[in-house]
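With these hints in hand, go ahead and build the complete structure from the sequences.
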Amino acid sequence: MRVNFWLIGLCMVAGNLSAHSIFVDCKDSAEGVACQASFSDGSSAENLPFEVISYEDEPLLAGNTDSASAFVFARPQSEFYILLDAGPGHVVEVDMEEIEAE
Numbered sequence: 006m007r008v009n010f011w012l013i014g015l016c017m018v019a020g021n022l023s024a025h026s027i028f029v030d031c032k033d034s035a036e037g038v039a040c041q042a043s044f045s046d047g048s049s050a051e052n053l054p055f056e057v058i059s060y061e062d063e064p065l066l067a068g069n070t071d072s073a074s075a076f077v078f079a080r081p082q083s084e085f086y087i088l089l090d091a092g093p094g095h096v097v098e099v100d101m102e103e104i105e106a107e
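Counting from 1 along the sequence shown, just add 5 to a position and that's the residue number in this note's numbering.
What the hints contain is simulated information worked out from the structure, not anything from laboratory work.
Virtual Cβ for every residue (Gly too), placed ideally from N, Cα, C.
Among the hints, a few may not be true.
If you anchor each label on the Cβ, the simulated ranges turn out as follows [said to hold, decoys possible]:
hint	residue 1	residue 2	range
1	H95	L66	17 to 23 Å
2	L65	H25	26 to 32 Å
3	D62	H95	19 to 25 Å
4	E105	P54	19 to 25 Å
5	E84	S34	16 to 22 Å
6	D33	D62	20 to 26 Å
Right under this line is the structure:
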C-alpha cells in the first residue's frame, strides 16, 4: 500500500513538470517571417535565443525574442528551419514548410 502512495506522488510531480511547454507560431508577413513564442502556462517567452539555420546546418541568423515574445526576420532565399531554445526540454524547431501565409 505504501508503494502506491509513492507512485501516485511521483505521477503528480511528473505531470507538473511537463505542464510547462514552449510553442512557436510563425507566419509570412510584409516584414518577412513573424514568429510568436509562448509558454503553455502563460509565462513570458521574452529574450529567448533563436536561430535560423539552413538545411545544410549553416547558421543564417540569430537573435532573441523581444519584449512581446516575438521575432521577425527577412525570409532567407535558401531552405531553412527555425530553432528556439528555451532551455533543457524546451527546444522547438519550425521548418520553413510549416510557416503559414498571413
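Which numbered hints are broken by the structure, listed smallest first?
none
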